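A.B. asks: Here is how the chains run, residue by residue.
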Amino acid sequence: MSAIHLEHLAKRFGGFTALKAMDLRIEDGEFMALLGPSGCGKSTTMNMIAGMETPSEGRILFGDRDMAGVPMARRGVGFVFQNYAIFTHMTVRQNLSYGLRMTGRPKSEVERRTLDMAEFLQLTPLLDRRADRLSVNILQRVAIGRSAVMEPAIFLLDEPLSNVDAAFRAVMRTELKQLQRQFRQTMVYVTHDQLEAMTMADRIAVMDHGVLQQVGRPIDVYNDPANTFVAAFIGSPGMNLLRGRPVRTDRGLAVDLGVLGVTPPLAAPQARAAEQARGEVIYGFRPEQTTLAREGIASPVSFVERIGARSIVHLGDGPAVFKAVFENDVPAAVGDVVRVLPHADAVRLFDAQTGKAL
Amino acid sequence: MTLADAPLAPPVPPTPAEDGARLGFRLTLPAQVLVLFIAVFPLLMQLYISLTDWSPLAGVAWPRAWEFWNGFANYSDLAQDGRLWAALGRTALVMAVCVPVEFLLGLSLAMLFVDEFPGKRVAYSILIMPMMVVPAVAGYMFFMLFQSGGPVNGLLGTLLGRDIAVAWLSDPTLALVAVMIADIWQWTPLMFLILLAGLVGVPQDQMRAATLLGASAWQRFRTIALPRMKTIMIIALAIRVIENFKIFDTLYIMTGGGPGVATETISVYIYEVTTQDLIWGYVAAIALAILVILSVAAVWAMKRMGRAAA
Amino acid sequence: MSEIAFRNVTKRYGATLAADDLTFTIRDNEFFCFFGPPLAGKTTILRLILGLETPDAGEILIDGRPVTHVPPAQRNVAMVFQNLALFPHMTAEENVRFPLVERRERPEVIAARLRDVAAKLHIGHILHKPPAQLSGGERQRVAIARALVRDPVAYLMDDPISALDARLREETRVELKRIQREAGRTLVYVTHDQEEAMSVADRMAILENGRIRQIGTPSEVYDRPASAYVARLLGAPMMNILPMTRTPQEAEAAGGAIRLPLLDLPSGAAQIGVRPENLRVLPWQGDGTPSRVADVEPLGGYTVVTLDAGAVPLRALLRGQPDIRIDSRVALRVDPGRAHFFGESGEALRLAPGGSA
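Chain order of the listed sequences is C, P and X. Quick note on numbering: my numbering labels position 228 of the first sequence as 228, and the sequence is numbered without any gaps. Offset between the second sequence (1-based) and my numbering: plus 1000. Offset between the third sequence (1-based) and my numbering: plus 2000.
The hints are simulated quantities; they were obtained by calculation from the structure and are not laboratory data. Hints should not be assumed to be uniformly reliable.
To be verified - Partial chain X-side listing against chain C, Cβ under 8 Å, derived: (1) E2170; (2) Q2194; (3) S2199; (4) D2202; (5) R2213; (6) G2216; (7) P2218; (8) E2220; (9) P2237; (10) G2288; (11) P2298; (12) G2301.
Here the structure is a predicted model, which means the values were calculated and not measured. Just so you know, even glycine gets a beta-carbon here, dropped at the ideal spot from N, CA and C.
Sequences and hints are given; from them, build the entire structure.
C.D. replies: Here it is, written out as structure tokens:
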């Protein structure tokens, strides 16, 4: 069994709390992404799973087995470092076969498994090249292969794609997913890039300031963020969050956004949530889930980013700024006033004080 | 006429490569002249004197040493000088014992110091202190320590529970041992420092990666740390071999090369010949011979280093 | 006026052609972006502009004057470093003033320039703070102010935000664009991120192995790529580029899943390129060749669908979260007006107005 169970896991460095009481169950064979900005505690969590750091509190279980006191060499996890930690004085072949050789596998087995892995990662022509003369993209593959060849039941990856160039990142996302599907390891993947998490993971755990914010399937986290942090962090761009006050209009309950005026009426579930809210709420909607319509929220366009298939339209100024994403031929230019209508069922409300979803 | 008034050469752009080479030559010219004077001149002077029978008591200044020309006589004497060869052998023996011991001790200490432990800073300061002691003072210190009634015998006596009166510095074998102990005490810290610098330079992520791939501590050292430390190890060894070959000050104060010639190393021998026998032509010949031996050794070490670094 | 022009500039490092016969003009006040994969020659171009490299052939002009052999210090081009390199022990003001103080400018000149640049970059209110107390965006502004205070012809940035978190990158690139608009002045910018390039650039140059493959506004390059190479570099997911086979009436691709009347094809077209957002995925009604859904990646606002059709897997980018199941059968449609065509060697082909093959 290679499920990973984190129970009340915490880590303090002197006076600094890197991780606060985290409970998380990663199932056997699951691809879990730990997602959050720099310093959110995701790497610390992973280092504790690998045994590179000792928890200040709580337990880590692999299956039913408590990992306390088990040194990292005997945890049997594969680990891909952010900087790859390639043995630069060795060839690609020596790197790939390192673990097998050190653990005393028979020569023929070392040979066979190294070649198989090289073939899988398309490294065969490079096997006898020295690792210090290879591009970052190749090093990245070698790092993955070097761990994967050991066929670990648990595979940990620490932002493996943050150093490779943008185009190659897309290729590697696909390959990593394939790798995981083929070997069915339990995969824990640390990243600050929500796109990587969304495209690869079975489930994502969003973290901030050492606190686990939400765990769920990517699409669920996207659709129903637990709080404003998750709402803004997931999505590209993140969810628009506008402060306002629930008001009754003749067409039903809506939110008064101040300078931006009153929103279109809320759909039934949101209206019920707004009824319970005391005082201000945060009115959230996804930039992609909008249309241009007469009854929309009116705002001047401050900036238009046309990125390939889509255009990100930046609207408003001061505290009341938001974005909308349209097809790239949207008729909106800087200075125009446009009316943006959020899809009624895609609107989310959050408590203005706590930031929690209502 | 000031520089600014000087007619400027027409701006013919040279190609970058030759431009760089010419500029490099001009910039290093003063330094090259200096090197010429510091290194080449004394060497030629020495070679010249070594071919004569000149001595400072001869009554003429060294440029006129040709008046005492005796060709290669000094060199043929050198080949038959039993005391010289004995001194050379002794020097080699000291080196063969001290350098490996210093290396292994230094390496072990360095490996201890890579990881954090309480009191590391204090231990570190104490460890490198011997290196900072002036060798002459160290010599005097060990001279006192190894007296018959000195602290070393005292300590041994306490440990063994009986009176010990070993005459360390007057026994030919023990005197050599004492001298080696002093050298190891003083120079292990240098090895330690250099090797520690090398060990710290081994990327910790690679060590961790190796651990996670199942390598034992010894395997990690052998496959990851050692290959990266090869160059620095050779440098450390080269420094100590060269330095040890010239071992003099501490030793001379402790034993004066004695008893008899029991601890007379090559440097001590040269010193004796220079200050007492005053046959400088012969001294120059010995010095040149040693220089040749050391140079050959150094070139060999450099070649090894070059291969290790590639 | 500040215009930077290359005329047939070539730069070699040993056997590698880092810049191969480059000719282009960067206009006054333009946000000009060099984009390409690693080692395409982007950084070499910056170094040539700065004067850190001398071309092997060709000429570099700044404002029409040849500067090919003018040393870097006299070119008056400023570089903003990736880590910003602000002096931590100085306030923002001291940082900005530094280049002028170094040049021994008169105090009243320094004061005037400082006022000017602080107003342009909106940093008057933070000038008294040390860099440690500034936000990332503010630091960016201060670093740019320090570059602009010398009144340079242009300022250069080499992949300035690639080290940031993904989210921060999205915000910073917009901020950079704003700053450049407000401060004016020509900005030469290098990146390997296609999204960033399209977001910030007024015009961009696409590089491959030291050569410029296309220059234009991001929209021009995206909508009318000059070659299959350029088409693949921009856009995520990448453009689907498929070989075509012809029947007497039709051209087909993707194992017959995509069919187009020959009339819609330019002559010599060997490959068809379809942007994922232009590939329509419809329920299969039993006619034509179906394709199989191999993978569905919901990204939230968009969904990427991977399709098995023919030899090369196809990708479609659909808006929203459509209900498409893996292994279901779908029909594919391409609007010929939104398709791209390429010849055997990858050059883009377009229908002559009114004409056909």
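A.B. asks: Evaluate each hint against the coordinates.
C.D. replies: Evaluated hints:
1. Because the closest C-beta pair between E2170/X and chain C is about 6 Å apart, less than 8 Å, the hint holds.
2. Among the interface hints, the one on Q2194/X holds; its C-beta lies about 6 Å from the nearest C-beta in chain C, closer than the 8 Å criterion.
3. For S2199/X, the suggested interface contact is upheld, since its CB lies about 4 Å from the closest CB of chain C, less than 8 Å.
4. Here the hint on D2202/X is broken, as its CB sits about 12 Å from the closest CB of chain C, past 8 Å.
5. The beta carbon of R2213/X is not positioned within 8 Å of any beta carbon in chain C (closest approach about 15 Å), and the interface hint is therefore violated.
6. The closest approach between the C-beta of G2216/X and any C-beta of chain C is roughly 13 Å, which is over the 8 Å cut-off, so the hint fails.
7. Hint status for P2218/X relative to chain C: holds, with the closest Cβ pair at about 6 Å, below 8 Å.
8. Hint status for E2220/X: violated, given a least beta-carbon distance of 11 Å to chain C, over 8 Å.
9. Hint status for P2237/X: holds, given a least beta-carbon distance of 7 Å to chain C, under 8 Å.
10. With its C-beta approaching chain C no nearer than about 25 Å, G2288/X sits outside the 8 Å limit, and its interface hint is violated.
11. Taken as an interface hint, P2298/X checks out: its beta carbon lies about 5 Å from the nearest beta carbon of chain C, inside 8 Å.
12. For G2301/X, the shortest C-beta to C-beta distance to chain C is roughly 3 Å, which falls under 8 Å, so the interface hint holds.
Checked against the numbered hints above, the structure violates hints 4, 5, 6, 8, 10; every other hint is satisfied.
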